[in-house]
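As given, the protein sequences belong to chains R and W, one line each in that order. Note that the numbering used here gives residue 487 to position 473 of the first sequence, counting from 1, and the numbers run on in steps of one. Note that the numbering used here gives residue 253 to position 239 of the second sequence, counting from 1, and the numbers run on in steps of one.
Because the hints were derived from the structure by calculation, they are not lab data. Mixed in with the good hints there might be a few duds.
For chains that are exact copies, the list does not tell them apart, and a pair is met inside one copy or across any two.
[As the list claims (entries may be wrong)] In the DSS-like style, the derived pairs of lysine-lysine whose C-alpha atoms are separated by at most 30 Å in a straight line are:
#	residue 1	residue 2
1	Lys54	Lys487
2	Lys552	Lys54
3	Lys50	Lys548
4	Lys309	Lys278
5	Lys552	Lys50
6	Lys348	Lys283
7	Lys132	Lys309
8	Lys322	Lys139
9	Lys139	Lys123
10	Lys50	Lys487
11	Lys548	Lys309
12	Lys19	Lys54
13	Lys283	Lys309
14	Lys54	Lys548
15	Lys552	Lys371
16	Lys123	Lys309
17	Lys371	Lys507
18	Lys309	Lys552
As the structure is a computational prediction, the values presented were derived from the model and not from experiment.
Number of protein chains: 2
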Amino acid sequence: MENNKSIGNYLIERLLQLGVNHVFGVPGDFVLGFNKLLEKSELEFINTCDEQGAGFAADAYARLRGLGVVCVTYCVGGLKIANTTAQCFAEKSPVVVISGSPGVNERTKNPLLHHKVKEFDTQYKVFQEITVASTVLDNPDTAYSEIERVLTAALRYKRPVYIEIPRDMVNVTLGADNQPSSNNSSSNPDALQEALEEAVNLINQAQHPVILAGVEIHRFKLQESLLKLVEKTNLPVAETLLGKSVINEMHPNNLGIYEGAMGKEFTRKYVEESDCVIALGTFLSDVNLGIFTAKLNPQSFIDVNSEKTSIHFHNYEDISLVDFLNGLLNADLKHRQVDLPSRFLLPTNFSVKPGEKITVQRLFERLNLFISNDMIVIADVGDALFAGADLVVHQKSRFLSPAYYASLGFAVPASIGAQMANSTLRPLVLVGDGAFQMTGMELSTIVRYGLNPIIIVLNNLGYGTERPMQDGKFNDILLWNYSQLPTIFNAGKGFDIRTEDELELGLEKSQTYTEGFCILDVHLDPQDSSLALKRLTKALREKV
Amino acid sequence: MENNKSIGNYLIERLLQLGVNHVFGVPGDFVLGFNKLLEKSELEFINTCDEQGAGFAADAYARLRGLGVVCVTYCVGGLKIANTTAQCFAEKSPVVVISGSPGVNERTKNPLLHHKVKEFDTQYKVFQEITVASTVLDNPDTAYSEIERVLTAALRYKRPVYIEIPRDMVNVTLGADNQPSSNNSSSNPDALQEALEEAVNLINQAQHPVILAGVEIHRFKLQESLLKLVEKTNLPVAETLLGKSVINEMHPNNLGIYEGAMGKEFTRKYVEESDCVIALGTFLSDVNLGIFTAKLNPQSFIDVNSEKTSIHFHNYEDISLVDFLNGLLNADLKHRQVDLPSRFLLPTNFSVKPGEKITVQRLFERLNLFISNDMIVIADVGDALFAGADLVVHQKSRFLSPAYYASLGFAVPASIGAQMANSTLRPLVLVGDGAFQMTGMELSTIVRYGLNPIIIVLNNLGYGTERPMQDGKFNDILLWNYSQLPTIFNAGKGFDIRTEDELELGLEKSQTYTEGFCILDVHLDPQDSSLALKRLTKALREKV
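Next up, chain R with everything else stripped away, as it sits in the complex (with noise of 0.2 Å):
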């Protein structure tokens, strides 16, 4: 390291060594110094148009690139993004919460500068409880460690952190202290060697032993291992909702979504009719298990994340699923012969039934057969997430959503920094109207930089999953015309879709118009709901 850097500059230049390229933010006062020293860097800064865009774009763009920076200002910027970050944390996604603040000598008898809330520490203490590690960059001789300590924590942990850095702070070069932090995250050998024999004798002993994989192993870019140990095995794989896609959903071995109820009915049974269940890197979460209508024997149950590994009742320490999943690669694991039901899952013909009303229904059996090798689907929170489960994804890791936290309005905005993380990729973006009224104005900044996803809103006058558990006039919206925002914009395409030819025909015209954003407005009945929905709804009466 020269020892000449800047803090700011510093910083800049190790996101750039973790391959970070844009930066999310909105800019404001006391941010300002950074903003610039980002316009003289490598690193592009993505203004959205409000501070919630740009978490959630963060937010994507971690979870395609390994790691993800927003960067705003004193907290009505940071404060704005504590859902968004509280996100990132519930499900997993390293995204670096970059805010400037009052610098170190305006502080001094503690005057009411702007945008101050209680103390000058009060954004900190909110961030502490959000994020895995934060630092406030006040000192040159400690801000090299604390960087380094903050950062290895979100890649070891797959978290977001944050970094305050006093804005008279950003130009001051950096102390000394400059020795590499250890990084050591591996397992303690003798219990990985005791879990891994007990693991392979139980899924050897099984009759038919399962793998249901999770989002981690999207996180902890395990994706070529768990197809190895497929490949390997042959084992069937089904997949948690958050981890959709963690392996190519056209894969003869993928058994597609376990939901609990909300699922198919075949994934079902044969997740729970498994005598050996091997879950690796899955959250156990009620969205996960649908709604908890799971019904996992925790006898037949082999559970390994990062965050623990539990076999049958109990638990071992100090194991990384990197490791374990090594393990098991390595280890002497049987080649099975198994009879699944030909490519069930793929999707069948669709022919359009011309004046037909479009139902979810129909529109998603359309949407399954639209998908292309260069899609990724991305979808909002409702519906939009339950029908969308049900897609076939052609690669790896090309569906995204917040399936635990369940944060409304997350997919307009993460199609951004889905974009922006692999340029490669059109968004086809999912999204009820309730969700595309919190965010959906971000298409301004789809079309200030120059992107260009298509966004189905499935409109139907409402908060759709909520009206079955309690309906109300609060579960209703205003009326759009979502067709008519290109007009706004001066960018972009609108369709107003009623019927199964308007949809062909508005899926056609995006199919071919690449050059911005396209928009579906898509009018459904507000009664209308997937069939997943109403497998969970169907589950959760009979439960009452």
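Starting from the known structure of chain R, fit chain W onto it as the hints suggest.
Positioned in the frame of chain R, the structure of chain W alone reads:
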């Protein structure tokens, strides 16, 4: 109190008793039960598009009504309003945050319920940092006293509070613990007497005393007392920016806004040269003080607000602002002859120059004449606020703006809260394009509830206030066709304004069209700015 009341219904009853008629929010599954109770009650639930909009609306409502309420779901709703709640804390706006949450019975064994971040109390901990009181109503035996404790704190400190209701507690009957709490906020009589005597002597001995009135005059509803004091003594009154219009701006003793170099020279000189400044309910924050360009001499300063009382360099404990102001009203204060330039604040005539490109200065000169008695001016952050400060507002407290915390995006949603709080007012919203792009689509809520603000978009293609500090691409924003927004909602009227005669026409038509919102897209030169911002920039340059 009846003994068979549920926790949810009791909370609703207390809010109604305290003068609240509207609750702003977005529903979500953990709060649906409470939403259902609200629907059956006399409290009207106002759905906004995003929780951020609800937070700002409730803030505005609280500023006008004395108490506001925002109601959201757990984490994905609550954490979205961390920022708006922080603003309420910083600017003393008593908003009750009500959040649904997972049921007490759902929390056993710490499952991964959706919307959960780290622990079940993560959201509660975050709100402890940004409210004056907070509670989780997880026990029917203490729910009564907890509700009282928290609401009392909101009213006493004029700051936000947090009430979380686990969803299985909403319909649980309150326990018997219902002794009324004591609310004793009166002053120490000896300290009060000594401070009053000292202050009265100083005021009577001074040659040119002046009152500096702040926002707490409004929050504690002391406008009438202040007016009486002015009429009893004939003292001139300056206001802080945050306290703008706590006294009728047409009053002959009103000196206008004192804000250091940012304010008008006459007001600045009058206050800074005074030998006795009586600051009542002011916060001496940086924005109020013209980013610290104010030159106030502590040796001639009497400073009384709800948090402290100091005269010159010594402090008194336990003196309430209300008691002090009442004390002054009853004290033997001189009635003075004060020679103020007559009606120096009154706007002059405005003659339209047809075809002339509109400028910030001319726009505000024209708006000064446009404001009528039934209007409330709501200014967003930026030049909307700085220029807006020079407007002459007709009635007391008819000017709302986040002048201290300065969170962009306040004005449009605030207009919803303001008009719900007082349906006889028509909001005149002054908002920059940057702020509008954050929350402007709450126009949807405006349409849904039949409100009719006039919205002036100061369209200068970016964050104009930041350009003089540090300019770059990051200060640019995309051009929207704001005047086309009525086509999205099938409601409202839009006007595209580039010249003085187009402005004239737009204002005229807005005055007569009262059925819905009017949006005036005023195209300004990106380098143009108000006189106030120019004064500030000049002063800051002199400091460098």
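Evaluated hints:
1. Taking the closest pair of Cα atoms, Lys54 and Lys487 come within 30 Å of each other only across two copies (11 Å); inside a single copy the shortest separation is 51 Å, beyond that limit.
2. Proximity of Lys552 and Lys54 under a CA criterion of 30 Å is satisfied inter-copy only: 28 Å between copies versus 57 Å inside one chain copy.
3. Taking the shortest Cα distances, Lys50 and Lys548 sit within 30 Å of each other only across copies (23 Å), while inside one copy they are farther apart (52 Å).
4. In the homo-oligomer, the alpha carbons of Lys309 and Lys278 lie at most 30 Å apart inside one protomer (14 Å), although the nearest pairing across protomers, at 72 Å, exceeds that limit.
5. Within a single copy, Lys552 and Lys50 get their C-alpha atoms only as close as 56 Å, which misses the 30 Å cut-off; across copies the closest is 22 Å, which meets it.
6. In this assembly of identical chains, Lys348 and Lys283 lie within 30 Å of each other by CA distance solely inside one copy; the values are 23 Å within and 89 Å between copies.
7. Taking the shortest Cα distances, Lys132 and Lys309 sit within 30 Å of each other only across copies (25 Å), while inside one copy they are farther apart (47 Å).
8. In this homomeric assembly, Lys322 and Lys139 come within 30 Å of each other (Cα to Cα) both inside a single copy, at 27 Å, and across copies, at 26 Å.
9. With identical chains, the CA atoms of Lys139 and Lys123 are at most 30 Å apart both within one copy (20 Å) and between copies (27 Å).
10. Proximity of Lys50 to Lys487 under the C-alpha cut-off of 30 Å is restricted to the inter-copy arrangement: shortest distance 9 Å between copies versus 48 Å within a copy.
11. In this assembly of identical chains, the alpha carbons of Lys548 and Lys309 lie at most 30 Å apart only when taken from the same copy (19 Å versus 68 Å across copies).
12. When the C-alpha separation of Lys19 and Lys54 is checked against a cutoff of 30 Å, the pair qualifies only within one copy, where the shortest distance is 14 Å, while the shortest distance between copies is 63 Å.
13. Taking CA atoms no more than 30 Å apart as the test, Lys283 paired with Lys309 passes inside one copy only; the shortest distance there is 10 Å, against 77 Å between copies.
14. With identical chains, the CA atoms of Lys54 and Lys548 are at most 30 Å apart between copies only, with a shortest distance of 28 Å across copies and 53 Å within one.
15. For a Cα distance limit of 30 Å, the shortest separation of Lys552 from Lys371 inside one copy, 25 Å, qualifies, whereas the shortest one across copies, 64 Å, does not.
16. Taking CA atoms no more than 30 Å apart as the test, Lys123 paired with Lys309 passes between copies only; the shortest distance there is 17 Å, against 60 Å inside one copy.
17. Taking the shortest Cα distances, Lys371 and Lys507 sit within 30 Å of each other inside one copy (22 Å), while across copies they are farther apart (33 Å).
18. Within a single copy, Lys309 and Lys552 get their C-alpha atoms as close as 16 Å, which meets the 30 Å cut-off; across copies the closest is 70 Å, which misses it.
Comparing the model with each earlier hint shows no violations; every hint is respected.
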